[in-house]
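Chemist: So the sequence lines, in the order shown, correspond to chains A and B. Here my numbering is used: the first residue of the first sequence is 1, the next is one more, and so on. Here my numbering is used: the first residue of the second sequence is 1001, the next is one more, and so on.
Treat the hints with care, since some could be wrong.
Okay, the calculated beta carbon distance ranges per label pair [what the hints assert, rightly or not]:
id: 1; chain 1: A; residue 1: G83; chain 2: B; residue 2: D1171; range: 46 to 56 Å
id: 2; chain 1: A; residue 1: E193; chain 2: B; residue 2: R1268; range: 19 to 29 Å
id: 3; chain 1: A; residue 1: R79; chain 2: B; residue 2: R1156; range: 28 to 38 Å
id: 4; chain 1: B; residue 1: R1182; chain 2: A; residue 2: K199; range: 49 to 59 Å
id: 5; chain 1: B; residue 1: A1155; chain 2: A; residue 2: A172; range: 53 to 63 Å
id: 6; chain 1: A; residue 1: G30; chain 2: B; residue 2: R1265; range: 25 to 35 Å
id: 7; chain 1: B; residue 1: R1265; chain 2: A; residue 2: K199; range: 33 to 43 Å
No wet-lab data here; the hints were simulated from the structure. Where is the CB? At the ideal position from N, CA and C, for every residue including glycine.
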Amino acid sequence: MTQTVRLVLVDDHAMFRSGVKAELAEASVGAAGWAPEIVGEAADVDTAVKVVSQTRPDVVLLDVHLPGGMGNGAVDVLRGCVGLTTEAGQPVRFLALSVSDAAQDVIAVIRAGARGYVTKTIRATDLARAVARVRDGDAVFSPRLAGFVLDAFGSTAGEVAEVDEELDRLSAREREVMRLIARGYQYKEVAKELFISVKTVETHVSAVLRKLQLSSRHELTAWAVGRRIV
Amino acid sequence: MDRVSTPPVGTPGPVRPARRQVRVSHVLLFVGFLLVLAGLTMRTPMGGIARDPRYAVPLLAIAVGAFIAWYQVDANHIGRWAGRSAWGRAAAIGQVALGVVLAAIGGLVLMTQGRGVEGVWNGALAAFAVLLGVATVAAPFLVTLVRNLEKERIARVRATERADIAAHLHDSVLQTLALIQRRADDPATVVRLARRQERELRSWLYAGQPRQADSLAERITAAVHEVEDDHGIPVDLVITGDRPIDEVGEALVMAAREAVRNAVRHARPPVSVYAEVGLDQAELFVRDHGDGFDLDALEEVPADRLGVRESILARMARVGGSARVRRMSDGTEVALVVPLPSPNPAPAPGTQPPGIPAGQLDAVEQETLP
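Isolated chain B (complex conformation) (with noise of 0.2 Å):
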């Protein structure tokens, strides 16, 4: 149950294709450059220099050294190291030290030639004497344009993030502002208006909590919404559990719409919905605080209190189901129960569950519209 995870920061997703572009030119460039210099030296008086192994191995070598490194290098790639995996990053490393390697070993065994070994420690040594002379001035300039860098990656991000959110806001939050100044002298639209608002912004900011798409939970979800957002009235919903939506499911989840439903338009709030799925049940209970009905009587009540026998109690009956409603000292309390076969797939989106035929969904659907 991972709710506070975060997807990481600055790695935008699509840079990789751009990325292997890039590596495509650079070998290109550099099969060029090796053609141009093998032109040159066919015919000039460097030609000697060149053809001779002594000196052309070696120049090949600091060549291939430094595309090596310099491909690493690319100030781009430093600006996206901190995305990077560890494993990414120890194969960039490896790479510059690959490519430093060849270089050095190239230009010392150019420069030595024909001296013998001590000619070559020598060499070695004065080299080194002056890249750290060299790294010890240039550090401090190193370190401070690193450091410049990073703060502005983060600054980048930062401002990203930022617009983001600005717009977020703009095309919801300001939206609904505006809209509810508008409509100020009606409040049951008001109320809807910022009940709805509310609602979408802290799906957004708590987003951390992926549910599946289709599951049971979150068809509850949206069709308890779907009535406060029908008539107005705030409904109290808390879901414990999960899993895929199937027959069984698509069945409660209809019955709880009617029952909430039937709740907000006949009862007085708070209207609260909780919603257990358990591993072999699945339980709802839609608590208001009206006056209540009486089942027993519903022989004699008008036509739309048809709604709870058919759509609740006909419709859990045909999976197996109960239904029961409780008359309480303050309100009433529908309560929903029914059977949970093993969890299995849910279905394709848009098939219809095998039980229930579409047309009898639909008859009673519109049964219970008033």
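Pulled out of the complex, with its shape left as it was, chain A reads as follows (with noise of 0.2 Å):
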């Protein structure tokens, strides 16, 4: 049985919400199975507010740049809707879909709420298992945002958490897990070479979203005061 997956598009450009929405008609139940139901869409923040409040969908695809709101795009759509949850009583999710690949775009956007962020030129399969990966409370990172991680945290230079529960420091797993993803693998083939459940390869990257939501270090806070979110 395919599950159906209620979403928001929120996009200021129609020929892009439309696209999306041919392209997930056709890849969802073959590649994640699941069938999307669009049940609303917006081209603004406040009209993505307002809808996104009313239709509360399992997931909103999020453009980051959009007009009206306070002139933060995607950031001022988190900010209004903070604490909405689906009629099942789970959270509203929002997958950010960008052009963009700036860091300052990046960080803002994960760091006020989005479990996730892929850039418009992800492939149709790519983009409906990312779906249903964000509807199940995973987070979903692209090659580009592992490398802005493990830029941010240091990993590069060499800085290892001595606990998994620092904020600031990526454990030596985590790093494994992002340097694999960074490399363009998926996240079937990263368990594989870790020797490690796909689970728990979510588990390793949902661990990553929340030091990167929630985390001090001063290159992420530096990202975030440029788009006035800390």
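Two chains, two frames, a set of hints: combine them into the complex.
Modeler: This is the structure we're talking about:
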């Protein structure tokens, strides 16, 4: 039985919205075992907040640069939708989708609460899998986001957390997972490589997402300050 | 890692020399004015007053004060205030204050000649009252004037920025769009043009990340983009860390270029490249989704596969690194690892790295080309 995922698309380009709709309708059942139900669309911050609050979807696909609101695009939408839950009681989850891969954009939406970040060049099947993953409460990292994370947490320079709970550095395992994602590996390939289950990979990625959102590392706060987040 | 810094707005650099010229000309003007004054006072009936130190000294004080203050309150300078440093602003305000005080004392002394302390006091009081009255009446006008000036300045800055953006879009994006329309029947060219334009626009938009001009990350990026352009196949590139380029880095860049070229030529996209520049080693992974190739069977493969052995494996070995080709369930991954010496200043551009003679590099390069 294929599940349906209730989706809201937020993007100021109508052409892009219809493109995503068509792609997901085609790819999602085959690739990720779910069928999309588009329950709403929005082209600016204020409409987006209204539509998401009314429809309370499972997942919101959110463009980073949007007109309206306080001028912070997706960050304003995320702030306006804090604490929303679906009818099943799950939190409404956001997946950021953008052409921009500037560090401050990426870090800003993640810190404002998005569960993942992918660029618009993503393939339809990958997008379908990403939506399913976000719906299940897991995090979605693109290779580039993984690269940012490794840079921002000083992992490239060899900084490793002593205990997993430490917020300002990645543990050795988390670093390994991030490195493989940066190399373009799918989660299942990461799992195979490290001899762990896909579920464990997801757990590691979610832990990194949490650190990314809560850490007060200078690099992260500096990026966020550019978008008035902190 | 200051990636959000923007250049200060509205202070064009080359203003300073012009300002110095103005200063010199003003001084000359002032000296000339004094000379004329001195000349006039020599023979005329006014001379008696002007030669009398009781009048001459306060007059001179007024003139000097006026000069100092006027020089500062030049309209141009007000326009530039916003762009000045705090120190510059303080200096400017101090200059104006000094001028005003000098002129005021001069005027006061001049007006209250020989009337004693009480006279001075009364004069000062009266002058103050008049000034206060004038200020009250003129304040709204002054405030509007300053506001308008500020508005105008901001508008001008915006217009300049807009013109810059328009010029850039015209030179790049519009040109590419025109090209794409003309080459619409050739998908490969269209993709290549679009990809190149995208990259160029991105680097222009997010130029706030100052990477060193001649760094390892910069060179890897350039090499990957070159291959992308040559073959019209997009390559996802992620780099973490960076360091100045050296001979080891140079070898890594060249091997990486071969590996990426091999991937886009023989494999299927997506091709992704991940480079990690650490403290004591640099790693670079080229992942593709092709059918892969077998290193052990290299003896049997045709000439262009020689590129892999010569330009990747041998090159890595020469700098003490290693290259590994892995077949995966879906595609192939080439992993390059080189040990890094402790960071040292980059060699001057154009110099050949000492470890690899120039001729040898060329030979390898030619061998790999089909």
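Chemist: So, for every hint listed, does it hold in this structure?
Modeler: Going through the hints against the structure:
Distance hint for G83/A and D1171/B: a CB-CB separation of about 47 Å, consistent with the stated range 46 to 56 Å. For the pair E193/A and R1268/B, the supplied restraint of 19 to 29 Å holds, since their beta-carbon distance comes to about 21 Å. Distance hint for R79/A and R1156/B: a CB-CB separation of about 35 Å, consistent with the stated range 28 to 38 Å. Checking the proposed 49 to 59 Å range against R1182/B and K199/A shows it holds: the Cβ atoms sit about 52 Å from each other.
Checking the proposed 53 to 63 Å range against A1155/B and A172/A shows it holds: the Cβ atoms sit about 55 Å from each other. At about 30 Å, the CB distance of G30/A to R1265/B agrees with the hint of 25 to 35 Å. Between R1265/B and K199/A the C-beta distance comes to about 38 Å, which sits within the given range of 33 to 43 Å.
Checked against the numbered hints given earlier, the structure satisfies every one of them.
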